[in-house]
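Engineer: If you want the building blocks of each chain, they are given just below.
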Amino acid sequence: MIRSLYYVPGQPIQKDLPPEKFPELTQNQQSVLWVDFISEPPDVSQPILEKFGFHPLAIDDALQETHVPRLDDWGDYLYIVFNYMNFKLEDDDWESEVDELDVFLGKNYIVTHHDHQISAVDDTWVVCDRDQRNVQEGADHILYRITDHLMSAYMPAVEKIDEAIDQLEDQVFHNPSPRILEKLFSLKRVLLAMRRVIIPQREVLNKLARDDFQVIDRKDRVFFRDIYDHLVRLHDLNESLRDIVGGVQDTYLSSVNNRMNEIMKTLTVITVLFMPLTFLTGYFGMNFFEPLGNLKEWTTTPVFYLTLAVILLLPVGMFIWFRRRTWL
Amino acid sequence: MIRSLYYVPGQPIQKDLPPEKFPELTQNQQSVLWVDFISEPPDVSQPILEKFGFHPLAIDDALQETHVPRLDDWGDYLYIVFNYMNFKLEDDDWESEVDELDVFLGKNYIVTHHDHQISAVDDTWVVCDRDQRNVQEGADHILYRITDHLMSAYMPAVEKIDEAIDQLEDQVFHNPSPRILEKLFSLKRVLLAMRRVIIPQREVLNKLARDDFQVIDRKDRVFFRDIYDHLVRLHDLNESLRDIVGGVQDTYLSSVNNRMNEIMKTLTVITVLFMPLTFLTGYFGMNFFEPLGNLKEWTTTPVFYLTLAVILLLPVGMFIWFRRRTWL
Amino acid sequence: MIRSLYYVPGQPIQKDLPPEKFPELTQNQQSVLWVDFISEPPDVSQPILEKFGFHPLAIDDALQETHVPRLDDWGDYLYIVFNYMNFKLEDDDWESEVDELDVFLGKNYIVTHHDHQISAVDDTWVVCDRDQRNVQEGADHILYRITDHLMSAYMPAVEKIDEAIDQLEDQVFHNPSPRILEKLFSLKRVLLAMRRVIIPQREVLNKLARDDFQVIDRKDRVFFRDIYDHLVRLHDLNESLRDIVGGVQDTYLSSVNNRMNEIMKTLTVITVLFMPLTFLTGYFGMNFFEPLGNLKEWTTTPVFYLTLAVILLLPVGMFIWFRRRTWL
Amino acid sequence: MIRSLYYVPGQPIQKDLPPEKFPELTQNQQSVLWVDFISEPPDVSQPILEKFGFHPLAIDDALQETHVPRLDDWGDYLYIVFNYMNFKLEDDDWESEVDELDVFLGKNYIVTHHDHQISAVDDTWVVCDRDQRNVQEGADHILYRITDHLMSAYMPAVEKIDEAIDQLEDQVFHNPSPRILEKLFSLKRVLLAMRRVIIPQREVLNKLARDDFQVIDRKDRVFFRDIYDHLVRLHDLNESLRDIVGGVQDTYLSSVNNRMNEIMKTLTVITVLFMPLTFLTGYFGMNFFEPLGNLKEWTTTPVFYLTLAVILLLPVGMFIWFRRRTWL
Amino acid sequence: MIRSLYYVPGQPIQKDLPPEKFPELTQNQQSVLWVDFISEPPDVSQPILEKFGFHPLAIDDALQETHVPRLDDWGDYLYIVFNYMNFKLEDDDWESEVDELDVFLGKNYIVTHHDHQISAVDDTWVVCDRDQRNVQEGADHILYRITDHLMSAYMPAVEKIDEAIDQLEDQVFHNPSPRILEKLFSLKRVLLAMRRVIIPQREVLNKLARDDFQVIDRKDRVFFRDIYDHLVRLHDLNESLRDIVGGVQDTYLSSVNNRMNEIMKTLTVITVLFMPLTFLTGYFGMNFFEPLGNLKEWTTTPVFYLTLAVILLLPVGMFIWFRRRTWL
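Residue numbers (our numbering), protein chains in the order written: chain F, -2 to 325; chain C, -2 to 325; chain A, -2 to 325; chain L, -2 to 325; chain E, -2 to 325.
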């Protein structure tokens, strides 16, 4: 789908103009034109983009969907690639998908190109459509609005991840199960993916905020600076969360280790307690002491009670000895 | 709460002036004005801040409470975000909270904005109120005083953490319990949080000490340089403490490992000592040697004493053999 | 094998000219000459390269095959080393081999030298041969085409590796075998090798895209910029994949650990359940209770049923106790 | 204690002049003055330092004892903080303490301030006192001598640590005890502490060797360059030693692991050898085979010898089987 | 030993000139002088070096043998420290030793100073002696030849290490022994030592190749550039090898872990198979079932055959159950 929005000072906003008129419309330096390509096939988009006079390489990049965030300065227009992430829970595991938004920003026009519906673009579109004051501040201000929406979407996701980590942290000390580890791995992967998107994005915003581009008003740079600061904070939060996930993983491993120790201790104590007793009963089970044998003095009643006493007192003694060695 | 403090050379300090007069007061280049917002709702603070002529983005940032320390130079005023940490012990675990102090510093005024009571601000307020010489050195000097107080608060916390680590270190070699690990994790998290606050704060102070700002006297830069050095040292201490915590964790794991080894050794020794004996008693318990059977020569008295000798000497021999292999 | 391709504006492309005429041909500033050495012995290539006037050190480097990607600017020509990787599966393990392509790029000529057939060079050769428009854009454009082909070859390999990792990841949770670890190690080694090739290659492309070389048209730099961006993305993907391989390794170790724990638990439970029972049976097997002995009251029928009850109920009780301690 | 040393060309060296004359003495540009404060209380040192005209912040820093090495350029004097370490063995564990030396270096005077006796300062004092040629080269040369002494003191310590590591390395393969690990931890901590002192110190020397300070002769910079190179080497050695300590720790863990494996193997082999035998003896101990029972054919003499053969041959067979599986 | 080699255009090479004539000889700008000190005691070398007019600090550094590679520019001469490594196998473990070569390079002379015979120097000496064309290219060219020889010596060592690692890698999967780990540690240490030598050496060559020194011809810089590239590659190879050693170590640990698991499994299976059987035989060994007792119905022939069936079938059943849980 292609939609367009055209503003000339003193006139109402026009919408959905024929693509062949775009180049002509941008001639009017006072006007602002926004063209939005939504999941349009490349063979439709390409000729329209070419009419704007964009470099073939930039058009190629816009039509393909496999780029990291980046900003190319082509003089009278900028080519910018943004990434945005979709987070979802699948089988209780976190997953993330990265999609792409390509932007061509000229002095008085902005062209956005994306394969999927993006709420950040739709919301800005509605705002611009409703109130033309939002358009008259210029194409770079529209870019600011879209970017601001795009970046605000990360925060709720980060907060949900934070909560999920907190829950796992509570469980890990008292009930460490392999499932927790699986969940931690999925969280870690999502955080790593986010980091990989945020860092180059931050670089793009840094350039928009600091570099001197022909198509961006000096006074509008502070707005991009604001988004840049937001991304710095996001990156910071991401680092913190990854640190915490790492800490929870360590806790898990040490928790599992403690349980293992406890189990081994139990095994050892039981073995140590019963081995001598079993030997003793075996000893008196030998056929030397048969009633018809010659060693009847071993199986008299006093010996029995002595044996019984050993059977009862040996475990008690051992138990006390273990306590002293702080094993129990 | 909003409080204000106004100094004009040759006059006594005036306090709690009406907010609507602030812009007018700052016209007098010789005067010094300090306005302090304490947990004031945004809808009250916003119009007052706007009257100072601050940029809407800076005001927005001041009213929200989620920023990393940073310094924005807006020409005739600076917007600075400081963070400060509160440390507390909860269930014997260290916890930390980060709060924010926003400062607008003009040539002859300073505006501070915070959501919670901050003793660093209060102390400076008292000092300025008591002796007007502290005010007449200018707004940047007030900023220095606040910052100095703010940063001094970290040292006692660091020292307490240091002590806590020392205690854990003593316990870990002789009585490693999972509780120690839990405490180490909580200390590590606090140190990581502190690091995340100190690094950008250090950057802010570095800028105050080195960059050429319109609102800071060249000769006052050395004061900020001093705080900067303090933060460098704090960061250094923090790194050391984190290294030591890491070392104690390693010690813990190796301590637990040693105990595990000791337990396994005991299990093995006991098993190895008793298994042959149990077999032997079993052997002579077989019904081949019944008094009515044909194998009476196996259960004669000499054989019994031979068996008894084996039962007594075998463990002794094994024990000696273990010693030789340095198992015990 | 030496093959050559010579273009003069307005004439058809000439092929396989005698090597001794090369220097003379390059005198015509309008012409474009491409000479390709394929697994030619050094003693044949050396004199021909010397006739071009290349520095002896550059020729030496071209004839040897052990260099990292790099670019030397010799003023009126560039000496560039590219590496390319061949990936193959050997016994189901990934292996990689690095080969080298040396390029001398002059204003109106390009000399390529390689020891093995390279499809990127062959394909470009066919394209140039078929349509002389591809040649007339200049020697630097031929370099662009070769480089573009060379770098595109990595993507399918990366995708296959990605798939292989995905498969291993599925297996690792449910059936961790040492074989998986071996495969992960081979994947990791391939990714490390790729990284070592991509990073200096990226640097070469960065120079081609940004530096001001005599032999590269300013307007052609954007093409190299495009390949550079491709390499940035490749490097990024490589990092991600290595992170994921690391994650799968951790999962493997924790999976193996879990199985170990399960086994130890079973051992302990069995031992703990049967040890007391074995003791009990041993107790009543002692010869004190012989029919002719004095302790017949121990082996009466009621005692037997009591013993039987203990033998049946003790394991049940222990099982319940284990459940409570969440061991089972 | 305060001591001073004053040199005017052509006159003998004067010592221990009254502090109130210091400022006046430094007026003579040809003279050299060295004042040394040794564990002097702050309230005595402060007024004397103030008379030199040093900045209050610099004096504050000198009187406190908690700084990292650093160099402040105050124009006509430098304020330099050096750290030096004392190493000692406590209960056979390495410990280290960091002390501080503060230096004010003017064009023709040097002021040193320290809380403890420092042999580097004392030695230089003696040398200057004995032969006035050492003083006439200027205040910066005195600084060079002190620094050189200070840094030379690290080398013997590093060599002792090197030896200690070598000894532990020999022990670790053949007799790994937890004590070794404790010692390694103490060595690691000392090396980390040393690193933390050396790095900023190196930076200070780098500045002295490269930056253009008013109070340091251009031609004297090479001397500081020499100490700088010494510190680079020290840092290098420190890194090596830490690497080696890390390697010994790994060796220790793997050594302990090997012993654990050996113990587990022994346990398993013993269990596996005796379990079937014990079962067998138990089997023939059952009361089915009582002389009065009906199953006498199970306890005949041939069966006994068959059983005996199994008892003797089964362990041998198992032993051979273990060997084949390379367990023993 | 001191040897010298002196070339004046148009004259045959003179050798072993008296040291006192060296300064005078270097006056002739067309001549080339090479002086080589081999394990000469400092008190002999020092006065000769002083006659060249070298700075005392540089002479000191040359006479001591504890420096990292480095280059000092003293204007009309360079002082350069090279390190070279000797690799040897001791008890089948790799060891390495680092020795030092000090070079003073003037416009028309080169002074080399070393404590041990160095083949790189000897070979260059022979080449220069045999053919005076090698000398007439100047002192910087002699330096190039020595350095080239010195650096070429690393490659064969690296290749041998590579082979050694390959062998260990083959062994580690099928026969992991602690000996392998010991060898890996020794290889790692050698690679670390090599890295520590290569990195500063690379820096020295980088300076020789790029910086503008009075004593090095601009056109000779490309030769040093070539050695620099060689060192870059060496460093790269070193990193790869260290990565691979790390990988083999991980494989070793996981291999050992797998064996441990196998052993534990065997122990558990044997215990689990025999414990119930041993209980059963114990049960029927109790004296309740004596021929004269009241519970004869428990020891009748059918019960025996039932018991026998349980004894034979229980292990089979358990074995099948283990298989299902993929334990065997």
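Think of the hints as simulated: they come from the structure by calculation, not from any bench. Among the clues, some could well be false.
Any copy, or any two copies together, can satisfy a pair, since identical chains are not distinguished.
[Said to hold, decoys possible] Cross-link-like lysine-lysine pairs, in silico, DSS-like; alpha carbons within 30 Å at most:
#1 K216 x K104
#2 K262 x K293
#3 K104 x K293
#4 K85 x K157
#5 K12 x K216
#6 K12 x K104
#7 K157 x K216
#8 K18 x K48
Engineer: Are the hints correct? Go through all of them and say.
Structural biologist: Evaluation of the provided hints:
no., hint, result
1, K216 x K104, "both (14 Å within a copy, 23 Å between copies)"
2, K262 x K293, "neither (40 Å within a copy, 39 Å between copies)"
3, K104 x K293, "neither (114 Å within a copy, 107 Å between copies)"
4, K85 x K157, "both (11 Å within a copy, 26 Å between copies)"
5, K12 x K216, "within (28 Å within a copy, 37 Å between copies)"
6, K12 x K104, "within (20 Å within a copy, 49 Å between copies)"
7, K157 x K216, "neither (35 Å within a copy, 48 Å between copies)"
8, K18 x K48, "within (10 Å within a copy, 46 Å between copies)"
This entry does not satisfy hints 2, 3, 7, going by the numbered hints stated previously.
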